[in-house]
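Visitor: All chains, please: the whole structure from these sequences, using the hints.
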Amino acid sequence: MTHSLHRRGTDEYLKNDFTLLVTAASGINHIGSRDGMIKVLEAVWEIGPTNIGSNERGTILSGVTVDQIREGFTKVPRVRCNFATKKKAFAAVKKIKELDTGMSVTLSGPLEATLEMCKEYGIKPHSINLSLDVWGKKDKLPSEEVLELVTMCGHGLVGRPLIEETIEKVKQGKLSPQKATVIIGHLCVCGIYNTERAEKLFEKCAPKK
Amino acid sequence: MLIDKEKCSGCGRCLIYCPYYAISMVGEVADIDQVLCVECGNCIRQRFAKCGEKAIYDESSASAVVKKHYKKVHRCPNNAIYEPLEEIADTPREIRRFFSNPATSHKLTGVPGRGTEEVKTNDVTARISRGEIGIAVEMGRPCLGTNFVEVEKVTIALAKLGVEYEHDNPLTHLMEDPIKGTFKEEYKQERVISAIVECRTKIENMEIILKTIKEVANDLDTVFSLDLICCFDEDGTIPVLSGLEKIGMTPRANAKVNLGMGRPLVITRESLGED
Numbered sequence: 009m010t011h012s013l014h015r016r017g018t019d020e021y022l023k024n025d026f027t028l029l030v031t032a033a034s035g036i037n038h039i040g041s042r043d044g045m046i047k048v049l050e051a052v053w054e055i056g057p058t059n060i061g062s063n064e065r066g067t068i069l070s071g072v073t074v075d076q077i078r079e080g081f082t083k084v085p086r087v088r089c090n091f092a093t094k095k096k097a098f099a100a101v102k103k104i105k106e107l108d109t110g111m112s113v114t115l116s117g118p119l120e121a122t123l124e125m126c127k128e129y130g131i132k133p134h135s136i137n138l139s140l141d142v143w144g145k146k147d148k149l150p151s152e153e154v155l156e157l158v159t160m161c162g163h164g165l166v167g168r169p170l171i172e173e174t175i176e177k178v179k180q181g182k183l184s185p186q187k188a189t190v191i192i193g194h195l196c197v198c199g200i201y202n203t204e205r206a207e208k209l210f211e212k213c214a215p216k217k
Numbered sequence: 002m003l004i005d006k007e008k009c010s011g012c013g014r015c016l017i018y019c020p021y022y023a024i025s026m027v028g029e030v031a032d033i034d035q036v037l038c039v040e041c042g043n044c045i046r047q048r049f050a051k052c053g054e055k056a057i058y059d060e061s062s063a064s065a066v067v068k069k070h071y072k073k074v075h076r077c078p079n080n081a082i083y084e085p086l087e088e089i090a091d092t093p094r095e096i097r098r099f100f101s102n103p104a105t106s107h108k109l110t111g112v113p114g115r116g117t118e119e120v121k122t123n124d125v126t127a128r129i130s131r132g133e134i135g136i137a138v139e140m141g142r143p144c145l146g147t148n149f150v151e152v153e154k155v156t157i158a159l160a161k162l163g164v165e166y167e168h169d170n171p172l173t174h175l176m177e178d179p180i181k182g183t184f185k186e187e188y189k190q191e192r193v194i195s196a197i198v199e200c201r202t203k204i205e206n207m208e209i210i211l212k213t214i215k216e217v218a219n220d221l222d223t224v225f226s227l228d229l230i231c232c233f234d235e236d237g238t239i240p241v242l243s244g245l246e247k248i249g250m251t252p253r254a255n256a257k258v259n260l261g262m263g264r265p266l267v268i269t270r271e272s273l274g275e276d
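Each protein sequence line maps, in turn, to chains A and B. Under my numbering, the first sequence has 150 at position 142, and the numbering climbs by one with no breaks. Under my numbering, the second sequence has 230 at position 229, and the numbering climbs by one with no breaks.
FYI, nobody ran anything at the bench for these hints, they're computed from the structure. If a hint is listed, it holds; no wrong ones were tucked in.
The list that follows gives simulated cross-link-like pairs (lysine-lysine, DSSO-like), each with its CA atoms no further than 27 angstroms apart:
| id | chain 1 | residue 1 | chain 2 | residue 2 |
| --- | --- | --- | --- | --- |
| 1 | A | LYS148 | B | LYS189 |
| 2 | B | LYS181 | A | LYS145 |
| 3 | B | LYS154 | A | LYS145 |
| 4 | A | LYS94 | A | LYS212 |
| 5 | A | LYS208 | A | LYS179 |
| 6 | A | LYS127 | A | LYS102 |
| 7 | B | LYS189 | A | LYS146 |
| 8 | A | LYS23 | A | LYS208 |
| 9 | A | LYS145 | B | LYS189 |
| 10 | A | LYS127 | A | LYS105 |
| 11 | A | LYS145 | B | LYS185 |
| 12 | B | LYS203 | A | LYS132 |
| 13 | B | LYS212 | A | LYS145 |
| 14 | A | LYS95 | A | LYS212 |
Heads up, incomplete: computed chain B residues facing chain A, CB under 7 angstroms, no partners named:
| id | residue |
| --- | --- |
| 15 | PRO20 |
| 16 | ALA104 |
| 17 | VAL125 |
| 18 | ILE230 |
| 19 | ALA254 |
All residues carry an ideal CB built from backbone N, CA and C; glycine is no exception.
Guide: Quick look at the structure:
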């Protein structure tokens, strides 16, 4: 699970955060899916995601090239990436629709905008995963400032200790928002961490010039 | 994860990379608390950060990330931390790795990660068909992690309502009795980043199930993120919204939408010849 529907934050920041997941289904349509998935990978790369990668190889933020991601496709290939603008995310969906590879395509982000896109492109969405928020011992959770950065990692690997220390260094002016983003972004192993959004969040913490 | 204390230089660099504060300095060297460690591998994953060839930012971006091809290495300088794969193989501790390290696949399901593909391939699997809902309770997320004592509180409560646990979720394979929602004793104290309780039921059971989940939340010593999955109706409406409003649960603005581009497209399991 990418956890992307549970990303926290205000509308101002969430509106520029779309995670695109293209997936072959094991035992159903994965046989012969590799060529189509390569076309999808190349198409989304051309549009310019803020991050892209695979569990098997890592992400462009950890030094992996798109060629290595392609070479690392398993027998059930998947494309995982993030777009930091609505325009790019929707352009990617449009291109994938034209390619018509038969792979499952899921877009995670603001629902209202996604449904508007579907209407515009003549897409009939199949199913939806709604976020009903966080429950339980919430008083143990860190501040929203920390949660916004933590919840962008789909697998919980960009952890609280690192985020808290990095935010503190940015607040003290010891680390720039850009360097802070580099330090945390590469820990995401699948390629959906939105580094552009992270940089903007760190900019909010930085001392005013 | 373990630390070879002979090799550890005592630099302390690794401490902040553990999401669960399992690494601390004991005297001159680092030590990993084996109760807190979830075997995610974050502390040994080779890390060097640099931007990709072109994709990270627009050309107009002033970001140093793209302009300088910034590179920085964080790694245990002496390779003192290691993963004791042979020692944990076929022991209960091994499940920490399957549920916490996304680069591994559970032996039984072969699916990387800790859940199923949930809504991501629902247009071809029809795992959740029209007239049904899927519930995913992601125990331990965000930030806190969980053990299976906590997970069992939820699975027992839902089992009493007669839910059907997802066969392809690795968590179901750790159960002693899926009808009662109980786990095998040997797994209960194992800690993981998260474990996803996944089940499906008829849409008319949604209210009682969500109310039960809200109640059991009060008994937990951790948190969970709650997902509700359903198919769009033929006219494009989301059939669960009115029911959610009735019980005072408003979905957040973000959602994951399966765009229905998978082939062969399936709306109900009946069309696959299943019940």
